[in-house]
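Taken in order, these protein sequences are the chains called A and Z.
Here full-length UniProt numbering is used: the first residue of the first sequence is 1, the next is one more, and so on.
Here full-length UniProt numbering is used: the first residue of the second sequence is 1, the next is one more, and so on.
Please keep in mind that the hints were generated in silico from the structure rather than gathered at the bench.
Hints may contain errors.
What the hints assert, rightly or not - Simulated restraints, written as ranges between beta carbons of each label pair:
(1) Z/R136 - A/G239: 50 to 60 Å
(2) Z/D138 - A/P81: 27 to 37 Å
(3) A/M5 - Z/M5: 55 to 65 Å
(4) Z/D138 - A/D236: 24 to 34 Å
Unchecked claim - Per the computed footprint, the stretches of chain A lying under chain Z, defined by three or more beta-carbons under 8 Å from a beta-carbon of chain Z, are:
(5) 89 to 95
(6) 132 to 143
(7) 148 to 155
(8) 158 to 166
Unchecked claim - Derived DMTMM-like pairs (lysine to aspartate or glutamate); straight-line CA-CA distance at most 20 Å:
(9) Z/K125 - A/D225
(10) A/K125 - A/E189
(11) Z/K235 - Z/E141
(12) Z/K125 - A/E166
(13) A/K235 - A/D206
(14) A/K125 - Z/E166
(15) A/K235 - A/D165
(16) A/K235 - A/E166
(17) Z/K125 - Z/D106
(18) A/K125 - Z/D165
(19) A/K235 - A/D225
(20) Z/K125 - Z/D138
A virtual CB, placed ideally from N, CA and C, is assigned to each residue, including glycine.
2 protein chains.
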Amino acid sequence: MTTRMDEPVLLTGASGRVGQAILGGIGDDYTWRLFDREPPTDDPDHEFVVADITDETAVREAASDVGAIVHLAGDPRPEAPWESVLRNNIDGTRTVLDAALAAGVDRVVFASSNHAVGHYETDRKPDLYRSDDDFRLDGTERPRPGNLYGVSKAAGETLGRYYHDEHGLTFAAVRIGNLTAGHPPIDYERGQAMWLSPRDCAHLIDRCLSADYDYEVVYGISDNDRKYYSLARAKDALGYEPRDNSAEWDGDEKLSGGS
Amino acid sequence: MTTRMDEPVLLTGASGRVGQAILGGIGDDYTWRLFDREPPTDDPDHEFVVADITDETAVREAASDVGAIVHLAGDPRPEAPWESVLRNNIDGTRTVLDAALAAGVDRVVFASSNHAVGHYETDRKPDLYRSDDDFRLDGTERPRPGNLYGVSKAAGETLGRYYHDEHGLTFAAVRIGNLTAGHPPIDYERGQAMWLSPRDCAHLIDRCLSADYDYEVVYGISDNDRKYYSLARAKDALGYEPRDNSAEWDGDEKLSGGS
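The following block holds chain A by itself, in its conformation from the complex:
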């Protein structure tokens, strides 16, 4: 196997939708240590740790000899209650960052979310989702979460900023849009504007693991005609080259812009 790092990459929340997209795209390009609180349903292709992200000892052990961490674990529900996002997402991210620091891991890629900035849409929808609207968020704006889940993701970004500034950790937060397998959301302008195809997702995480940067907050969407998130920073700082566009979905079984 040709790996792009000498050491394994720890992937937390590996069994979720984003984790599966990453493994589907770049599963063969790295040596992975998968981490999820649920045991795998099939025989896994990679080392697999079954533990909860709030289990400090388990997280520390899992991070002990890896080259980087892709941290996806957490309560993924936009409607998740505060107690859950406080514990799983905010405290869980702190646990991962602390484990990285203790183990000398110098790079963490964090799954942030469009919900961290959801309330920028409040006054402008649905114009914002139209391809002729040129409003863009670029990652330098302050968070305006659309829910408490989004608050927790914004807090994770800020924790990463602290670990970068204080401890030199390379940290990328990817504000993931709407990852759907197979095709973009149908008849849903917002979903099309923030669509992230599985292969673009895997490629973007690959760039987060490979590029030379310090601290970045980028948007994780495909190169959709409709968009209100700028891809400039992902392209310029990370070398992201998206291949998909929700507008090129022709209603048939595959993307017209397919590989």
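Go by the hints and put chain Z onto chain A.
Leaving out everything else, chain Z in the frame of chain A:
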């Protein structure tokens, strides 16, 4: 007593340094309900609730019939451990905001901190503290906390943003500088740059309680010659008119610019 609101103002963390500065300056201008986890050492001049900020029932009861909340309670130590700021500062602020929502309180003033942006100083100190340096933070920048306490304050600001956007709460976060009684820090450039005199502190909170605004993040410092925090937003949006300046401290017993 002439009060500026028909209903009392709940002041959490009332016994701390900022709380005492507020009461010293505008204690007679509002009807206060003081809240602190420590019983008052002297006979208090105002209604006093002894409870912990993490006690949801006590906070809800305290917020039940007030017109506004000034939320200062939390672990104030820059070196506070994560577990403490997670519980007292992040979860505690959520508890206060939730209590405000439940009680129909439409305004919360939050004591944020210079530590929420402490790492902007990393590469530029001590130049930043000099009166001939024109670098300014203005409150629109993303947080760069200098410690986990600062992370918790940034999270409180974001929680406030969510409650504003989602629920219409009027919310002001004041990134408080260095509040010292009597005189500015001596032989400490940074402290002089972020000095906030007690009377300017009280006046600024008064403006946060009285002005007409939506969501604001402002810096809470006096009008110091040395500064790297802009006062533009506090002046423009809130009508803040600071009277003190750390450079006018003449080494004598009172400020040369005193009232």
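Report task. Establish whether the coverage given for the segment 89 to 95 of chain A by chain Z is satisfied; the threshold is a Cβ-Cβ distance below 8 Å, and no fewer than three residues must meet it. Result -> Check passed, 3 qualifying residues.
Query raised in the report: Is Z/K125 close enough to A/D225, meaning Cα to Cα at most 20 Å?
Result: violated, 44 Å
**Report entry** Distance restraint hint 55 to 65 Å, applied to the beta-carbon atoms of A/M5 and Z/M5
**Finding:** The hint (55 to 65 Å, Cβ to Cβ) holds, given that A/M5 and Z/M5 are roughly 60 Å apart.
Query raised in the report: Does the structure keep A/K125 and Z/E166 at a Cα separation of 20 Å or less?
Result: holds, 15 Å
Query raised in the report: Within 20 Å, alpha carbon to alpha carbon, are A/K125 and Z/D165?
Result: Between A/K125 and Z/D165 the Cα gap is close to 14 Å, so the pair holds against 20 Å.
Query raised in the report: Between Z/D138 and A/P81, does the beta-carbon spacing fit 27 to 37 Å?
Result: Roughly 35 Å apart at Cβ, these two residues keep to the hinted range, so it holds.
Query raised in the report: Can the segment 158 to 166 of chain A be counted as covered by chain Z under the rule of three residues or more with Cβ-Cβ separation shorter than 8 Å?
Result: As far as the segment 158 to 166 of chain A goes, the hint holds, because 6 residues have Cβ atoms under 8 Å from chain Z.
Report task. Between the segment 132 to 143 of chain A and chain Z, see if three or more residues pass the 8 Å beta-carbon test, and mark the coverage as holds or violated. Result -> n = 4 at 8 Å, threshold three: holds.
Query raised in the report: Quick one, are Z/K125 and Z/D106 close enough, alpha carbons at most 20 Å?
Result: Violated, because 40 Å separates the two Cα atoms, which is more than 20 Å.
Query raised in the report: Taken at face value, is the distance from the CA of A/E189 to the CA of A/K125 at most 20 Å?
Result: holds, 10 Å
Query raised in the report: Does the structure keep Z/K125 and A/E166 at a Cα separation of 20 Å or less?
Result: holds, 15 Å
**Report entry** Straight-line alpha-carbon gap Z/K235 to Z/E141, limit 20 Å
**Finding:** holds, 18 Å
Hints 1, 9, 15, 16 and 17, counting from the list given before, are not met by this structure.
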